[in-house]
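> Going down the list, the protein sequences come from chains A and B.
Taking my numbering, I'd label the letters of the first sequence as residues 1 to 113.
Taking my numbering, I'd label the letters of the second sequence as residues 114 to 229.
Keep in mind that a hint or two might mislead.
As the list claims (entries may be wrong) - The calculated DSSO-like cross-link candidates involving lysine-lysine, where the alpha carbons are at most 27 Å apart (straight line), are:
1) K36/A to K53/A
2) K40/A to K116/B
3) K53/A to K9/A
4) K38/A to K183/B
5) K18/A to K41/A
6) K18/A to K129/B
7) K116/B to K186/B
8) K116/B to K36/A
9) K186/B to K40/A
10) K53/A to K40/A
11) K22/A to K186/B
Hints listed in this document are in silico derivations from the structure and should not be mistaken for laboratory results.
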Amino acid sequence: DTEVTQTPKHLVMGMTNKKSLKCEQHMGHRAMYWYKQKAKKPPELMFVYSYEKLSINESVPSRFSPECPNSSLLNLHLHALQPEDSALYLCASRGRLDSHEQFFGPGTRLTVL
Amino acid sequence: AQKITQTQPGMFVQEKEAVTLDCTYDTSDQSYGLFWYKQPSSGEMIFLIYQGSYDEQNATEGRYSLNFQKARKSANLVISASQLGDSAMYFCAMREPDTGRRALTFGSGTRLQVQP
Numbered sequence: 001d002t003e004v005t006q007t008p009k010h011l012v013m014g015m016t017n018k019k020s021l022k023c024e025q026h027m028g029h030r031a032m033y034w035y036k037q038k039a040k041k042p043p044e045l046m047f048v049y050s051y052e053k054l055s056i057n058e059s060v061p062s063r064f065s066p067e068c069p070n071s072s073l074l075n076l077h078l079h080a081l082q083p084e085d086s087a088l089y090l091c092a093s094r095g096r097l098d099s100h101e102q103f104f105g106p107g108t109r110l111t112v113l
Numbered sequence: 114a115q116k117i118t119q120t121q122p123g124m125f126v127q128e129k130e131a132v133t134l135d136c137t138y139d140t141s142d143q144s145y146g147l148f149w150y151k152q153p154s155s156g157e158m159i160f161l162i163y164q165g166s167y168d169e170q171n172a173t174e175g176r177y178s179l180n181f182q183k184a185r186k187s188a189n190l191v192i193s194a195s196q197l198g199d200s201a202m203y204f205c206a207m208r209e210p211d212t213g214r215r216a217l218t219f220g221s222g223t224r225l226q227v228q229p
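Based on the sequences and whatever the hints tell you, model everything.
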């Protein structure tokens, strides 16, 4: 099973809402990533979890809150977002320490009204 | 800091012909990895090919090959025998140094359109 799943596929939320994005992989990978991709732009790194510990936060606003409850699951909690946060949010995972390939999920398209 | 440059915003190719997508990079690290990903309109990033900085031979994966010229710091993707399904956005990316994170830095992308 070389699959990373993300739910929901699409999400529309207001600026006062609280929502969560979910990412799951069952490949035994120990590094998981959140990337944000604005329209017509490349993905940009937001968070990295390695062995369920937050490795780096790329100066992301606190209205984005990541969580890694276990080695298979990665969440991104959203609160008080702005319309400019509308984007495609991609989750990825990587296997062994010497592995190079990152497997990406299909992404969640987020629209903030 | 690492930087990836893709100078072709868009490319057209006729079906069954070969096409080269350009990628140049800048890094001060001796050990690095270069990737190409395909992103269809659906949004998923599909891994195509990988080249390590110490790999002596150019990487190949089916119809994809990577023309790696280390001295020129280029890592161009060659797609042979283009198919209509190859129409997508293509990103060149570089893996961070061996710090454990191994996050990817992406170029701006090239949109490829295959014409029948």
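> Is K116/B close enough to K186/B, meaning Cα to Cα at most 27 Å?
The given pair, whose Cα atoms are some 11 Å apart, holds under the 27 Å limit.
> K40/A and K116/B: Cα distance at most 27 Å?
Measuring from Cα to Cα gives roughly 18 Å; hence the hint holds.
> Would the hint linking K36/A and K53/A be met if the CA-CA limit is 27 Å?
Holds, at about 20 Å.
> Mind checking the alpha carbons of K22/A and K186/B for me, to see if they're no more than 27 Å apart?
Status violated; Cα separation ~37 Å.
> Taking only the CA atoms, is the gap from K186/B to K40/A under or equal to 27 Å?
holds (25 Å)
> Quick one, are K18/A and K129/B close enough, alpha carbons at most 27 Å?
Answer violated: K18/A to K129/B is near 49 Å, above 27 Å.
> Need the status of pair K18/A, K41/A: alpha-carbon distance at most 27 Å?
holds (26 Å)
> Does K36/A lie within 27 Å of K116/B when you go C-alpha to C-alpha?
holds (18 Å)
> When you check the alpha-carbon spacing of K53/A and K40/A, does it fall within 27 Å?
violated (31 Å)
> Mind checking the alpha carbons of K53/A and K9/A for me, to see if they're no more than 27 Å apart?
holds (26 Å)
> Taken at face value, is the distance from the CA of K183/B to the CA of K38/A at most 27 Å?
Since the Cα atoms of K38/A and K183/B sit roughly 31 Å apart, the hinted pair is violated (cutoff 27 Å).
Hints 4, 6, 10 and 11, counting from the list given before, are not met by this structure.
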